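Its first residue numbered 1, the first sequence is counted upward by one per residue in my numbering.
Each hint should be verified, as a subset may be incorrect.
SDA-like, lysine to any residue: derived pairs with alpha carbons at most 20 angstroms apart [stated by the list, open to error]: (1) Lys265 / Glu172; (2) Lys86 / Tyr152; (3) Lys94 / Pro117; (4) Lys207 / Glu172; (5) Lys191 / Asn130; (6) Lys83 / Glu149; (7) Lys308 / Gly420; (8) Lys190 / Ile93; (9) Lys225 / Glu59; (10) Lys65 / Leu76; (11) Lys376 / Leu449; (12) Lys277 / Asp206; (13) Lys291 / Leu315; (14) Lys207 / Asp173; (15) Lys122 / Gly189; (16) Lys377 / Glu438; (17) Lys225 / Lys190; (18) Lys115 / Asn130; (19) Lys5 / Asp193.
If you're looking for bench data, these hints aren't it; they were derived computationally from the structure.
Predicted model only: the values in this text are computed from it and were never measured.
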Amino acid sequence: MNNKKIIVRFAPSPTGPFHLGSARTALYNYLFAKKENGVILLRIEDTDKERSEKKFEDEIYDSLKWLGIDYSKKILKSSERTKIYKEKLQELIKNNFAYISKESEGQNKEVVRFKNPGGKIKFTDLIRGNIEEDISNLKDFIIAKNLEEPLYHLAVVVDDIESGVTHIIRGEDHISNTARQILIARALGKKEDFQYAHLPLILAKDKSKLSKRKHGKIVSLKKYKDLGYSPEAILNFLAFIGWNPGGEKEIFSTKELIKTFDIKKVQKKGGIFNIEKLNWLNREYILRQPKIEQLENFRYQLTLANAKFKNHQKLNNQKFVENFLEIILNKIHRWAEVEELVEAREFDYLFEKPILDVNKILWKKQDKNNAREKLKKVLEIITSPNLESQDNLKWDEVMKYAEKEGKGEVLWPLRYALSGREKSPDPFTLIKILGAGESKKRIEKAIKLLT
RNA sequence: GGCCCUAUCGUCUAAUGGUUAGGACAUCGCCUUCUCAAGGCGGUAAUCCGGGUUCAACUCCCGGUAGGGUCACCA
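Generate coordinates for the entire structure from the input sequences, incorporating the hints supplied.
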């Protein structure tokens with residue numbers, strides 16, 4: 001190894017929404033650079049004037065910022081460097097590596113082609129070892145539409161040389177571009193080839209490359225932001241598609257990722273994007289957040305939701321909100337689910353009396369009298385003056401009673417009376433959040449209905 | 001089709017010649033306060049196939065098979 005400062009670059013093209021695969025490429029470049037105490041450059045590869053758009057360029061900046069991937073300030077844009085490309089093009093032509101070719105078909109009558117010397121090109125890939133590419137049946141490839149309009153292969157190589165890039169870390173789909181780029185670099189006088197590392201692709205469920213055309217919006221990073229995934233979880237997850245530090249730890253902060261990253265341990269096989277694992281991981285991140293942050297996220301979600309109770313005075317009660325949050329926390333994998341659940345009216349019963357269906361108060365084959373008696377007894381226990389404010393003792397009493405009489409016959413009517421739902425948190429949690437007074441009213445109402 | 005890359009549970013992976021092939025997600029079962037979650041405990045589940053090399057192969061070599069990538073005046 002030499003002691004030369006390591007310089008890597010992330011070079012996305014602003015021709016579409018920021019892709020998950022791009023995010024992962026950026027991440028690996030970032031981890032590698034940080035780990036090796038090097039520099040990471042951002043370059044906007046906008047040589048294609050037709051397809052490049054400002055909004056996509058901005059999305060690149062926003063996405064990297066959101067993910068927390070920072071790059072050295074220098075941002076190169078291909079579109080602003082046509083002068084140097086022209087010089088290099090002329091140099092290549094002068095030195096007989098390229099020529100202006102008359103075309104019989106295609107958009108332009110003349111293009112610049114690189115003379116293909118044929119034979120085999122060998123290079124070493126940090127991940128895959130030696131790769132040998134036979135280029136004899138490749139034609140003289142086009143490197144520019146004309147002197148003013150370079151194409152990708154020329155632009156990348158010129159820029160990488162200019163900015164002193166040492167390592168090129170990119171997707172596996174670029175392997176077959178490498179031979180051509182090596183040829184151009186050597187023609188431009190580069191003595192030592194770049195170090196290459198071709199990352200395995202991120203695959204969809206069908207094992208093909210994750211692509212917008214084939215797999216839709218799920219390839220766009222913004223989609224995951226909108227769904228309420230945290231950038232830390234996304235980074236952690238993306239890092240682990242195709243790389244693993246060994247060991248059984250799964251949750252890594254970006255700092256820990258940097259510390260343990262080893263490009264030699266990068267997988268060769270493409271990895272399927274498994275959203276279920278992402279969900280699990282994101283939940284772990286939510287659960288690890290400090291209470292204050294959880295509360296903040298939770299309250300923010302409530303403001304987004306289009307719910308009747310949005311301005312309910314109960315939301316001014318901190319204790320109530322904390323209890324609500326607790327119920328929420330064992331249901332969600334991402335914060336945006338709060339909004340979704342609230343909009344589905346999943347929690348209306350916390351704010352207004354439920355509308356009870358008499359038949360649903362009954363547990364299985366239980367009859368009305370039976371259920372009524374059970375509820376009366378429960379009411380008696382929880383309003384007992386001896387046990388005032390000693391919730392645990394009350395619960396114990398209720399449970400004792402329920403165990404004696406049959407848990408279902410006691411707990412089901414109780415829970416249903418409180419929530420009006422067949423599925424809900426357990427009755428004790430409900431009483432805790434609704435408060436003794438409100439709970440009592442709801443139980444009494446159910447008793448009345450059963451008469 | 002040419003060229004290239006790849007191959008351990010369904011998925012992400014660990015094990016760099018000697019392990020009862022480990023973990024996580026998912027799944028299944030049981031437990032926990034009736035239901036729904038969450039949680040706890042446990043189970044099912046993998047070295048693509050065939051040849052070598054070796055005392056010994058998931059691991060090294062060769063062949064096959066399968067999958068993927070790429071073959072633009074896109075990047």
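Cross-check of the supplied hints:
1. Lys265 / Glu172: Holds. Lys265 to Glu172 sits at ~16 angstroms (cutoff 20 angstroms).
2. Lys86 / Tyr152: 14 angstroms, holds
3. Lys94 / Pro117: 17 angstroms, holds
4. Lys207 / Glu172: 14 angstroms, holds
5. Lys191 / Asn130: Within the cut-off at roughly 19 angstroms; holds.
6. Lys83 / Glu149: Between Lys83 and Glu149 the Cα gap is close to 10 angstroms, so the pair holds against 20 angstroms.
7. Lys308 / Gly420: 18 angstroms, holds
8. Lys190 / Ile93: 16 angstroms, holds
9. Lys225 / Glu59: 12 angstroms, holds
10. Lys65 / Leu76: 17 angstroms, holds
11. Lys376 / Leu449: The hint holds at about 13 angstroms.
12. Lys277 / Asp206: Since the Cα atoms of Lys277 and Asp206 sit roughly 17 angstroms apart, the hinted pair holds (cutoff 20 angstroms).
13. Lys291 / Leu315: Holds, at roughly 17 angstroms.
14. Lys207 / Asp173: Cα-Cα ~14 angstroms, so holds.
15. Lys122 / Gly189: 18 angstroms, holds
16. Lys377 / Glu438: 17 angstroms, holds
17. Lys225 / Lys190: 41 angstroms, violated
18. Lys115 / Asn130: Not satisfied, since the Cα-Cα distance of roughly 25 angstroms exceeds 20 angstroms.
19. Lys5 / Asp193: It holds: about 16 angstroms lies between the C-alpha atoms, which stays within 20 angstroms.
Hint compliance for this structure: hints 17 and 18 are broken, all remaining hints hold.
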